[in-house]
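For the record, the sequence lines run as chains Y and L. Quick note on my numbering: the first sequence kicks off at 67 and runs consecutively. Quick note on my numbering: the second sequence kicks off at 15 and runs consecutively.
No lab work stands behind these hints, which were simulated from the structure alone. Fair warning: there could be bad hints in the mix.
[What the hints assert, rightly or not] Partner residues aside, some chain Y positions facing chain L, computed with beta carbon under 7 Å:
(1) 113
(2) 117
(3) 119
(4) 147
(5) 149
(6) 159
(7) 163
[What the hints assert, rightly or not] Which bits of chain L does chain Y cover? Going by a derived footprint, with three or more residues having C-beta under 8 Å, they are:
(8) 175–182
(9) 185–197
None of these values were measured; they are calculated from a predicted model. Each residue gets a CB set at the ideal place from its N, CA and C atoms; glycine is no exception.
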Amino acid sequence: MALVLEILFYLNGIILLTGGLIIAIISRNIIKMIIGFVLAHTGVNIILVSTGYIFNRMPPILNKFQQTNNPAAISVDPVPQALVLTSIVIGVATTSLFMFYALRYYRDNGTIDRDSMEEHND
Amino acid sequence: MINPVITIILPLLLGFLSPLLYKHIKIYFKILMISVFTFNILELIIIIPTVSSLPLQIYMGNIPAPFGIMLTFGLTGTIIALMVNFIALCIVFFKLNRNKDCDNEMVFYTVFPILIAALISLANTQDIFNIFVFLEIVTISVYILAGLKKYKKTDLSVIKFITGTSIGALLMLTGIAALYALTGSLNIIHIHSILTGYAYFNTYLFNIAVFIILTGLMVEAYMFPFNIFVTDIYAHTQTINGAIYSGLVQSIVVFVMIKLIKLFIINPMFLNIMIVIGIVTIIFSQFSAFTEKNIRRMLGFSSFAQSGLLITIVALSLKSGVHNELFSLAIMMIIIHAISKFTMFLAADRFIDENGNIINKKKAGQVSFFAFIIATLTLVGIPPFPGFYIKFRIISELLRINYPWMAVIIVISAFLEIIYLLKTARKFFVKNSTDSNEPLISILAAILPLLIIFLFSVNPAYLYRSSSEMDFKEETEISIQEINETSILNEHIEENNIEE
C-alpha cells in the first residue's frame with residue numbers, strides 16, 4: 067500500500083511536469099505557454115513534497131494530546147513541505163513577471179502569438 | 015572582526031529600504047550605496063588572512079548543519095565575494111551620471127543591491143536548496159533590470175530569456191528533489207561526506223540527480239545549446255545589463271557549477287558529457303562571435319565560450335586523476351574574465367547605440383578606448399597582462415596531464431578571440447578625440463578595474479600564491495570535520511548508543 071501510494075504521488079508529479087513542459091514548448095500562444103510552465107512547476111512541487119511522505123505517519127505538528135520523546139519517529143518529514151512553500155512563492159514571482167512582459171508586448175504590438183512575434187522581430 | 019554575513023545583510027537591507035528612502039534623499043542614498051559596497055570590500059579584505067588558514071563556518075539562526083543553513087567563507091568564496099562587491103561599486107559609479115538610462119531609476123536602486131546580496135550568498139552558501147532560491151532571486155532581478163529601459167525588441171528578448179531560465183529552474187528543482195530523496199540532506203558538505211563515506215551508495219543514480227541540477231545551471235550559465243534563448247537579451251537591452259550578466263551573474267553561476275562538479279561528479283561518463291558540452295560551447299560561441307555584427311551580442315558569445323572553457327578544464331582536471339592546479343587556475347580565470355568582460359561592456363557603452371551599432375565617434379573618449387584594449391589583451395592572454403599568466407599555466411598543466419588537444423583548442427580559441435575583439439576596437443578608435451565629453455565618474459568606473467588588472471600584472475606571484483592556496487576540496491574536508499564535531503545528529507546517535 068505504502069509503495070503504491072508513493073508511486074502514485076511521484077507519477078502524478080512526473081505527468082504534470084512532462085505535460086506542462088510539452089504544452090509550454092509546443093504552444094504558439096504566450097498565455098498557453100505560461101499555463102504550461104505553471105502546470106510543470108506544480109508537478110515539480112508534488113515530486114518535491116512526495117520525497118518527505120512516509121506511509122502511516124502524522125503531520126509534523128506537535129500538540130498536547132500526542133506527547134512523545136521522539137516526534138521524528140511518528141511524523142512525516144517536514145523539510146520538503148517548507149521547501150515547497152518557498153518554491154511556490156518563487157513560481158508566483160516568475161509567472162507574474164512573465165505575464166507582465168507578455169501584456170506589455172500585447173499592448174505595443176497587438177499579438178501574443180509566437181509566430182507573429184518572430185515576424186515583428188524580423 | 016565583524017561577522018562576514020553582514021556583507022549579505024547590508025545590500026539586502028538597502029534594497030528593501032530603497033522604495034521608502036530613494037525619492038526623499040536621492041543623492042544621499044547613492045552615497046549610502048557606495049559606502050555599503052566599500053565597507054563590504056574592506057570587511058572581506060580584512061577577513062582574507064583569517065579564512066586562508068581556516069574557513070569561517072556560519073550557522074544561520076544557530077541551527078547546526080546539516081539541519082540549518084550553513085554559510086562558509088573560505089578563501090575561494092571570499093575572493094569571489096570581493097570581486098562581486100568591487101564590480102558592484104564600479105557599476106554604481108558608472109550609473110551616477112546616467113540618470114536617464116532607466117525609465118524608473120528607483121527600481122534599479124531597489125533591485126541591484128538585492129541582486130548583489132544574492133550573488134554573494136550564492137558564492138558562499140553550502141545548502142543546495144539555498145543555491146536554487148538565490149539563483150531564482152538573481153534571475154528575477156535580471157528580468158526586472160532587462161525591462162527597465164524599453165527598446166523595440168526588449169520585451170520579446172526578455173520573454174525568450176524567461177522561457178529558457180524557467181526550464182532551467184524546473185530542471186534544477188527536480189534534481190534537488192531527487193538528491194534529497196537519495197541522501198536525506200541538502201547540505202553540500204554533508205552530501206559530500208555521505209558520498210565518500212559509504213561504499214555501497216548508488217553513485218550512478220546520485221550522479222543522474224546531480225547532472226539534472228547541472229543541466230539547470232547550464233541554462234543559467236548560458237551554455238550551448240541553451241544560449242539560443244539568451245543571446246537576444248544581450249543584444250536588445252542596455253549595455254550595463256550585459257556587464258551585469260557577463261561580469262557577475264554568469265561568473266558566479268559557473269563558479270557554483272564547478273564547485274558541484276568538483277564535489278559530486280564521480281562517474282567518468284558524466285565527466286565526459288561535461289567535456290563534450292564544454293568543447294561544443296567553446297567552438298559554437300567563438301565562431302558565432304566571429305561572424306556577429308551586433309557588438310553586445312558578440313561580447314556575450316565571447317563570455318559563453320569562457321564558460322565552456324572553464325567547465326572543460328575542471329572536468330579534465332578531475333578525469334585525469336592526477337593532482338593538478340587546474341581548479342585553482344579556473345577560479346582565477348573566472349575573476350580575470352569577470353573584471354575584463356565587465357570593463358569591455360562599460361567601455362563599449364560609449365561607442366554603441368541601442369542596436370549594438372557604432373554611433374557618432376565624436377562623442378566617444380580615449381579613456382574608454384584604452385580600457386577596452388587593455389581588457390581585450392587581458393582576456394585573450396597577451397603578456398604582460400595577467401590573462402597570459404593564467405592561460406600559460408593552464409596550457410602547461412594540460413600538457414603535463416596529457417591533454418595536448420585541449421591546449422590546441424585554447425590557443426585557437428584565443429587566436430579567434432583576439433581577431434574579432436581587436437577588429438571591434440579598431441572601429442572604436444577616434445583620431446584627435448578629447449575626453450571632454452567623458453564624465454569624470456565614468457572614467458573612474460573604467461579605471462578602477464584597470465587598476466586591479468595592473469596590480470596582477472605587476473605582481474603575478476601574488477596571483478600564483480592565491481591560486482595555489484585556493485582549493486575548495488580542502489576547505490570542504492575541514493568543514494566536514496567541523497560538522498561532525500558540532501552536529502546534533504551525532505549527539506542523538508551517541509545518546510541512542512548509550513541507551514542501548
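Now the hints, each set against the structure:
no. : hint    : verdict
1   : 113     : 5 Å, holds
2   : 117     : 4 Å, holds
3   : 119     : 10 Å, violated
4   : 147     : 12 Å, violated
5   : 149     : 6 Å, holds
6   : 159     : 5 Å, holds
7   : 163     : 5 Å, holds
8   : 175–182 : holds (count 4)
9   : 185–197 : holds (count 6)
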